[in-house]
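Engineer: Sequences listed follow chains A and B, in order.
The opening residue of the first sequence carries number 1 in UniProt numbering; numbering runs sequentially from there.
The opening residue of the second sequence carries number 1 in UniProt numbering; numbering runs sequentially from there.
Check each hint, because a few of them may be wrong.
Each pair may be met inside one copy or between any two copies, as identical chains are not told apart.
Stated by the list, open to error - Below, computed lysine-lysine pairings styled on BS3-like, alpha-carbon distance capped at 30 Å:
# : residue 1 : residue 2
1 : K448      : K585
2 : K59       : K585
3 : K521      : K448
4 : K330      : K103
5 : K423      : K174
6 : K20       : K402
Honestly, the hints are just simulated from the structure, not real lab data.
Small disclaimer: the values here were computed from a predicted structure and weren't measured.
2 protein chains.
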Amino acid sequence: MVGLTPLLTPRTVAIVGASKTPGELGNVVLKNVIGYGFTGGIFPVTSAEQEIEGIICYKTVRDIPAQVDLAVICVSAPNCPAVVEECGQVGIKSIVVVSGGFKEIGPEGLELEKKLLSACHKYGISMVGPNCVGIMNTHVPVNASCSSVFPYQGDIAFISQSSAMLTSIIDWSKSNHLGFSQVIGLGNKAHLDEADFIEAIAKDPMTKVILCYIEDVNNGKHFLEVVTRVAKQKPVIILKSGSSQAGAQAVSSHTGELAGSDLAYETAFTQAGILRARSMTELFDLAVCFSYQPVPQGDRVAIVTNAGGPGIVTVDAIENSGLMVARFDKETLDALRANLPTQANIYNPVDVLGDAQSDRYGFALETVLKDPYVDSVVVLVCPTAATDPENIAQTIIDLNQKYPHKPILAVYMGGAVLAESAKILARARIPVFTFPEPAVNSLAGMVKYARIAETNTQGEEIILDDVDQNKVKAVFYDVIRDGRSVLLGSEAAAVAEAYGIPAAPIKLSTSPDEAVALAEKMGYPVVLKVASPKIMHKTDVGGVKIGLTNSDQVRDAFIEIMENVQRYLSNVIPYGIEVSKMMPKGTELIVGMTKDVQFGPLIAFGLGGMYVNLLKDVSFRLAKGLTREEIQAMISETKAFTLLRGYRGERPADMISLIDMVARTAKLVTDFPEISEMDINPLFAYEDGVSALDIKITIQI
Amino acid sequence: MVGLTPLLTPRTVAIVGASKTPGELGNVVLKNVIGYGFTGGIFPVTSAEQEIEGIICYKTVRDIPAQVDLAVICVSAPNCPAVVEECGQVGIKSIVVVSGGFKEIGPEGLELEKKLLSACHKYGISMVGPNCVGIMNTHVPVNASCSSVFPYQGDIAFISQSSAMLTSIIDWSKSNHLGFSQVIGLGNKAHLDEADFIEAIAKDPMTKVILCYIEDVNNGKHFLEVVTRVAKQKPVIILKSGSSQAGAQAVSSHTGELAGSDLAYETAFTQAGILRARSMTELFDLAVCFSYQPVPQGDRVAIVTNAGGPGIVTVDAIENSGLMVARFDKETLDALRANLPTQANIYNPVDVLGDAQSDRYGFALETVLKDPYVDSVVVLVCPTAATDPENIAQTIIDLNQKYPHKPILAVYMGGAVLAESAKILARARIPVFTFPEPAVNSLAGMVKYARIAETNTQGEEIILDDVDQNKVKAVFYDVIRDGRSVLLGSEAAAVAEAYGIPAAPIKLSTSPDEAVALAEKMGYPVVLKVASPKIMHKTDVGGVKIGLTNSDQVRDAFIEIMENVQRYLSNVIPYGIEVSKMMPKGTELIVGMTKDVQFGPLIAFGLGGMYVNLLKDVSFRLAKGLTREEIQAMISETKAFTLLRGYRGERPADMISLIDMVARTAKLVTDFPEISEMDINPLFAYEDGVSALDIKITIQI
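Start from the sequences and build out the full structure, keeping to the hints where you can.
Structural biologist: Put into structure tokens, the structure is as follows:
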């Protein structure tokens, strides 16, 4: 992707399809380019007019006597490809196609869209849209869009896949005194997508926080690569909708069943350090807080209030959101005790009482701001006979400037009486809320971001060079040649072995003698199990014999199983009988893999065994580039971790082997994208080592 | 409690401690009584003035020449008891003590408060407060409070334990065009509490929905009794704060550990049919919806929108909140197809497109309202060039009147452009939101309430008359005489047996011969376990022998255990050795009891075994009056239920025996409040019957 500077901060703009007729797209866009303070060259392109709004028109883009940074295309869809071609020929590198009538209307439109795209590729053009609102930059300023509203200047960038959302939000933002740096309508995302803009806007010095509304991502790999980088520089907050609509794919593995439809996005967002907003309210509450206030250094929140009840509500919200109610320094307590009325509560929440005015609020607020054990402050104001809400607002503003490293959020609980103060606060960039809960929720998002930003590295990727790819290929080759997609147990064990994944020995035997020989080599006790992809419930047909402790038992079991299968399923000819060593019982885990169309393989880890789908104690990570630290984090998110650390006096499990085993599984599924599903369940973890008891691998060529 | 009609709808009001001095409590309250349209008799009581505000003053309440329905007391705390006494003497039955200086200031104030209460009891007075804002009724109208704001008329009652919350909310409500029927400040709740007002307001024909903000309840039993009844008539929505502050009590049982501090309230609220608001925003969103719209008949939601993105966001919210996206009738689809533009989406969400005006909105809205498979509608409006938001608002209003049984919620996504329409909608009692999620969340609350209201009965309480209370008393007597509080396993089994709870046989033996005799009687295999309250970890000292299959093994085990205990813990003299029958393994469950100060014993049910605290698969119910239906519901909330129904081809467990066993446990702990904690873990459930393997009972006399 070439740089997007000319696109996002154009010095010259051509409007292709400019029109004199009010309401027509080419007229709306032209008026927008003219009407919001753009000082660069404006070049309407149309063969129908000599001039519009007093500006000279050009018949084609060829005729424009200057270099055009950005062409906004408003001609009807069928005429667009030719226009783009022409833009390419004259060296215009950035275009916004506002016109609709492309992919969104069906196959015919899709064809046109493909033509646009190939022209872009041919000439190295960066294209926004088609079928988009356009782009706005309040700092150039330029409104290269068909939007009837233009936002106030600010430091929030907003990227939206929905046009309606975009215009709705701008309208809403103006009533809420909220400013944007840039607003981007993605439209059909034929060329430039969310990742391209996130990357470009990350470098924009006028943008402090990046908001996105998306329904899907275009390219999971690119998106992740970009956002993981950007999220360390600026908060990226995404509202991803359509999570409930993702079609449930048919899955046959435990891991697949556990994953659910929204999981890949959830996992990818978390791993990339994206803050995921759960609602539109949350998206913009977070935006305001990041825009207005510094990121807190930690999770310890002080509360200053003039009433008890709202203080308690705030404490509840803090504890529910995982933040800490700050415990004050002795010095703070002494100062509060010495200067507040006796009835005031000096412990957090600091209750300055109903008769408090701005002086007392100011004293309490400054005292807690100075406390080294306080990272942020929520100030609650309830209207009382004594309250001077506007003076209190000014006091908050002054102290926010004096202590610029600790965020202050205001909660003004009331309506008309406090409305003026709320405006004063918002203008001075103090986030102000009507109720405590959303304030605390936003603070929690900021603290979460602080942790994302301070993690300097996601850790080192684990290098594993002792794997035998050829052995895996050989097994897969046999499976394919056999017309199967599901590996036999012995085949899966061989694959695991090739990648250094410790698996319980399991081998295929085709005669009683061979079974005995294998058992003698493995050591007793062993299990015999009929090997056939056609027999689903092996136990039900007498196809399994467990706890065999000597050669006679093995021999008899082999014969008995064959007879049983013969009796119940006379038309099935088994591959033979698998001999596997019975392993001592360890902590039962599951390690598995499921696949996402956008983000590729996801590794699952959790409590295993028969009840895995019942207990649902599983966490997920993207397999690609999985680091030791991420594996550790994934394990520690589960209840299984409590067991592994040594539950109720048991000895802790071998975490080093476990992490290594997960890393090897991740490498296996990354190296072989043809593995479509994989379950290791149970995996036994011991004090010393781990062992995969049952491995199921499905491949899809 | 006497009727609260004179208190809540007074015809005459005395203001005791009335004052001429602006700002003084007695002046504020008097002006409030005068100033908000009260047409009944007003009697200021003060010895300092002849008249105030042109109204004749009386020296004492004795001097008032009429019957006083309500006395509002504003004199200083030390003078209050005498005033209340005097009120009693002249037959005033309702008082509001606005004055502060009672329990909230410490022991001295508490003494004064007790005096007020005893005067109330002596004369049969109903008292609000002390230390409260007072009460307001917009339909009388009367403002018998010290609040500087008085709400608009409406049908929402608001009861608040926090004074600041109350005045803040009234102020806020006026900016949001929200009206109240009654507003009650509870203050210190020395006499009347939330339950009394909920009960009284349930009968108020002017109130449609009851809101409460509380930090605790005064009397759990009374509260539950009242609210369970009221919740079937009117929605009761409670924001209960302080949930994070409840001190964690020291607990020694699994059940206690699992319960956590907020659980009793959560359980009680659910069982009583209360809607618990999670935030102040949610509390008032719900209030507006219940106040303005009918309760939906079901959970199927239709969406009408003029933009795709917000429609998807709404679908997400619907699915996340457990509601259903309605599937339209064929007739509906045909009508939409025939009358909407081709590009419109006729499936739910119905996308009427960005150029839709009120006529098209009206057609689509009426069509889905007529659909028998639609229970409620969310209408989304985004500002576009074509939108006529005010006409659309009027269309919504008209159709809401035409189809009064299906709630309509409007989402007007924008600011200034849509502000006027939002006002029009709110005035016509259509709830209007800026973003879709809170609208859907409120709808989910209404659907939940519909289910609460339609449940005609909570089911029949289970009568168990085959229990042997004397046998339990005899066991407890022995335990107490022995200076213990924890029962031995054999004692707990005897208690269980007395209540018909099937327990694995366990008996205490004091000699090898006796152990053998017991084992022979029970049948093999058996377990021997040292019986001593002083030995915590019996296995560690060699105090347990399992899997004994004949008399010789039992005899040897008895001797070995005694020797082991002698060797490791020479100073401990065991009670003997408990012989218990080893039971076949069933589904491992836990049934337990923990106690709450307010709400009494809570029964727990869930997955049992060693990992019970790790898995935390437990649901709770109040033990008292537990019905078969509630037990069934409690069981079905857990993952254990999936196992019990027959997981992965296993046979289902004996639910009848299980429910009976839970009912018996509930009866045991209700009959014997001295049981402070109880754990049955594991309880084995079989295809035929259940068996309590390990019962732990702690008593506290």
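Engineer: With reference to the structure, classify each hint as holding or not holding.
Structural biologist: Evaluation of the provided hints:
Taking identical chains as interchangeable, the C-alpha atoms of K448 and K585 are never at most 30 Å apart, the minima being 39 Å within one chain and 46 Å between chains. Taking CA atoms no more than 30 Å apart as the test, K59 paired with K585 passes in neither setting, with 81 Å inside one copy and 88 Å between copies. In this assembly of identical chains, the alpha carbons of K521 and K448 never lie at most 30 Å apart, being 54 Å within a copy and 63 Å across copies at closest. With identical chains, the CA atoms of K330 and K103 are at most 30 Å apart between copies only, with a shortest distance of 28 Å across copies and 65 Å within one.
Taking identical chains as interchangeable, the C-alpha atoms of K423 and K174 lie at most 30 Å apart whether they share a chain (12 Å) or sit on different chains (18 Å). Taking CA atoms no more than 30 Å apart as the test, K20 paired with K402 passes in neither setting, with 53 Å inside one copy and 45 Å between copies.
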